[in-house]
Amino acid sequence: MKRQYWIFAVYLLFLVSGIPWYWPDDTTSLIFGLPAWFVVAILVSICASFFTAFILLRYPWNTDVKPDEE
Amino acid sequence: MKSNHVFDQNAWIFISIYLGSLILVGFLSYRARQENTLKDFYLAGNSFGLVVIFLTLYATQYSGNTLFGYSGKTYRIGYAWIMSVHFMTAIVACFLIYAPRLYARARQFNYITPTDYLQHRFNSNWINVVATLIMIVVLSNYLLAQLMAMGRAMQGMSMADPDTAYKQGVILLTLIMVIYGTLGGIRAVAWTDVIQGLVLMTGFMVLLFMLYKQFGPLSLATTTIQQSNDIAKINAPDANRLREWFSYIIIVGLGSTLYPQAIQRIYAARSEKVLRQGLALMAFAPLFTALIAVITGIYAIAYVPGLEGTASDQVLGIILSIIQQNSILGYWLVVILYAAILAAMMSTADSALLSISSMLSKDIYGRFVDANASEAKLTLLGKIFSWCLIIFLVWLAIYLSDKTSLLKLLDRKFDLLIQLVPAFMLSIHWRGMQAFPTFIGLVAGVLLSLFLAYGGFDFVQNGKVYGFHPGLIGLVINIIITVIGSVWSNKTSVITQVRY
Chain A
1 MKRQYWIFAV YLLFLVSGIP WYWPDDTTSL IFGLPAWFVV AILVSICASF FTAFILLRYP
61 WNTDVKPDEE
Chain B
71 MKSNHVFDQN AWIFISIYLG SLILVGFLSY RARQENTLKD FYLAGNSFGL VVIFLTLYAT
131 QYSGNTLFGY SGKTYRIGYA WIMSVHFMTA IVACFLIYAP RLYARARQFN YITPTDYLQH
191 RFNSNWINVV ATLIMIVVLS NYLLAQLMAM GRAMQGMSMA DPDTAYKQGV ILLTLIMVIY
251 GTLGGIRAVA WTDVIQGLVL MTGFMVLLFM LYKQFGPLSL ATTTIQQSND IAKINAPDAN
311 RLREWFSYII IVGLGSTLYP QAIQRIYAAR SEKVLRQGLA LMAFAPLFTA LIAVITGIYA
371 IAYVPGLEGT ASDQVLGIIL SIIQQNSILG YWLVVILYAA ILAAMMSTAD SALLSISSML
431 SKDIYGRFVD ANASEAKLTL LGKIFSWCLI IFLVWLAIYL SDKTSLLKLL DRKFDLLIQL
491 VPAFMLSIHW RGMQAFPTFI GLVAGVLLSL FLAYGGFDFV QNGKVYGFHP GLIGLVINII
551 ITVIGSVWSN KTSVITQVRY
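In order, the protein sequence lines correspond to chains A and B.
Note that my numbering has the first sequence beginning at 1, numbered continuously upward.
Note that my numbering has the second sequence beginning at 71, numbered continuously upward.
Don't take every hint at face value.
Taking CB as the label site, the calculated pair distances span [to be verified]:
{"no.": "1", "chain 1": "A", "residue 1": "28", "chain 2": "B", "residue 2": "190", "range": "34 to 42 Å"}
{"no.": "2", "chain 1": "B", "residue 1": "517", "chain 2": "A", "residue 2": "25", "range": "17 to 25 Å"}
{"no.": "3", "chain 1": "A", "residue 1": "9", "chain 2": "B", "residue 2": "268", "range": "16 to 24 Å"}
{"no.": "4", "chain 1": "B", "residue 1": "442", "chain 2": "A", "residue 2": "62", "range": "33 to 41 Å"}
{"no.": "5", "chain 1": "B", "residue 1": "546", "chain 2": "A", "residue 2": "26", "range": "28 to 36 Å"}
{"no.": "6", "chain 1": "B", "residue 1": "528", "chain 2": "A", "residue 2": "36", "range": "33 to 41 Å"}
{"no.": "7", "chain 1": "B", "residue 1": "78", "chain 2": "A", "residue 2": "26", "range": "14 to 22 Å"}
{"no.": "8", "chain 1": "B", "residue 1": "279", "chain 2": "A", "residue 2": "21", "range": "31 to 39 Å"}
{"no.": "9", "chain 1": "A", "residue 1": "26", "chain 2": "B", "residue 2": "536", "range": "17 to 25 Å"}
{"no.": "10", "chain 1": "B", "residue 1": "396", "chain 2": "A", "residue 2": "21", "range": "34 to 42 Å"}
To be clear about the criterion: a stretch of chain A counts as covered by chain B if any three or more of its residues have a C-beta under 8 Å from a C-beta of chain B, and this derived list gives those stretches [unchecked claim]:
{"no.": "11", "segment": "30-40"}
{"no.": "12", "segment": "45-55"}
Since the hints were derived computationally from the structure, they do not count as laboratory data.
For each residue, glycine too, the CB sits at the ideal point set by N, CA and C.
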């Protein structure tokens, strides 16, 4: 797997959107009867799981060690 | 409220068959060994296929802490402990940083222990000793937490008085674990992990089903909490909790990939494809494990209010007690779940014990005491070290009974383990990284983390500096020293080469 910087960018996006810093402290919004910020955090986690699985299955690892890396 | 389930004879027969099957697997794996070498005992000759690699990663990663600790923590802090699902997902993502390159090197250079990579990369005994000591201390801590959790689990199942039940649980379950572990090495540990992983997964699903059947939907629990004194536990987290959230993702995500048993599972995979597929499956594990533990804690806030301190670590037991009393189905589901709880603890503990034994025999004895020791001798010594260490830890687990909370043990582990990030993760990508600054950075990071954690400072609240783990601050210093030192060292060496 070569260095793919866009992967880091996507994980950064998950980090920024998953942590509920952008919700007001006194928010009372509900989704399916649960706090909205809580539901969003779970959804981001589900997306991160699928993305991680995609990366792992899509990109084979290079298992050759270059001589100058020994 | 008491969380005692008191199983009848049939339940004990079920539990005994389950525990007996682990010993049987130990014997079978002993017979399946191919040679009396370190590679066969600690890596099973790099033979793990997809099912084994996934279930051994799963059973090892999810422990007694996940069930008892996470439900208890949710009970204490509220919905914000959903951060645990994030940091457990982060672990798999963090493997991407260095597992591909480490796997390639392990294959080519036949690494057995985690520090084999460090020795090969830096050729520095100092780095090796410090890294080995950190890993042994961390794993011993981890192992101790599992042994204590075994005792607590037995307290919930046995008719004996709590003290006796605790001692019985610690001694009996540890004995079973160390027998199959020393019989078959990693092969026994991984094969039992397959059983334990399946039981654990079933247990979590059963738990979710039982919670819904007993208490109704989670939205109902939320409504109940909204009308109670615990309404603050629903609120979006405050700034301090948000910093803690970020800190947990980084420290657990990076730290957990550096557990020696995790590294040795990277080495043990049959192929890179199998390892990738196993990790891909692991990416979903937090959703059917940590998330269910959090949901359990939420139900407990709603329906078992009023617990404080270490009693809050027992919320899972209390919830199960309520379900058990409800019906014969509930009773048997709780029995299955208790088997899963034992599976979670034993599968984590056996892997930790095996990794410690490999490091004590190969990295300490084989490197510094008798460099010419045969592999058969080192393997035998590893088994002896396992028994000696476990006897000491069993004594400690009994001595420390009810003296500390599970998560307090968890917190300090990662503060230390994360200091190995530059040595493993940075060095595998940056050939210019030098041994001496890496060593200085490592020591500075460890000392600063411990100083902040145990220094008694006013700005350190609940073991964290404004919400950040001390280990994270130590890691920043560690990386700065390593990077600046290596760059400076490389420049000096270039100047020296030009001059002469």
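We went through each hint and held it up to the structure:
1. Taking 34 to 42 Å as the suggested C-beta distance range, the pair residue 28 of chain A and residue 190 of chain B does not conform, at roughly 56 Å.
2. Range check, residue 517 of chain B to residue 25 of chain A: Cβ separation about 37 Å, and the 17 to 25 Å hint is violated.
3. The beta-carbon spacing between residue 9 of chain A and residue 268 of chain B, approximately 37 Å, falls outside the hinted interval of 16 to 24 Å.
4. Under the hint 33 to 41 Å, the C-beta atoms of residue 442 of chain B and residue 62 of chain A, about 36 Å apart, fit the expected range.
5. In this structure, residue 546 of chain B and residue 26 of chain A meet the distance hint of 28 to 36 Å, their C-beta atoms being roughly 33 Å apart.
6. A C-beta distance of roughly 36 Å is found between residue 528 of chain B and residue 36 of chain A, which places it inside the suggested range of 33 to 41 Å.
7. For residue 78 of chain B and residue 26 of chain A, the Cβ-Cβ distance of about 50 Å falls outside the hinted range of 14 to 22 Å, so the restraint is violated.
8. Taking the beta carbon of each, residue 279 of chain B and residue 21 of chain A are about 34 Å apart, inside 31 to 39 Å as hinted.
9. At about 22 Å, the CB distance of residue 26 of chain A to residue 536 of chain B agrees with the hint of 17 to 25 Å.
10. Evaluation of the 34 to 42 Å hint for residue 396 of chain B and residue 21 of chain A yields a pass: the beta carbon distance comes to about 41 Å.
11. Check on the segment 30-40 of chain A: 7 of its residues sit with their Cβ under 8 Å from a Cβ of chain B, so the three-residue criterion for coverage holds.
12. Counting residues of the segment 45-55 of chain A whose C-beta sits closer than 8 Å to any C-beta of chain B gives 8, which meets the bar of three, so the coverage hint holds.
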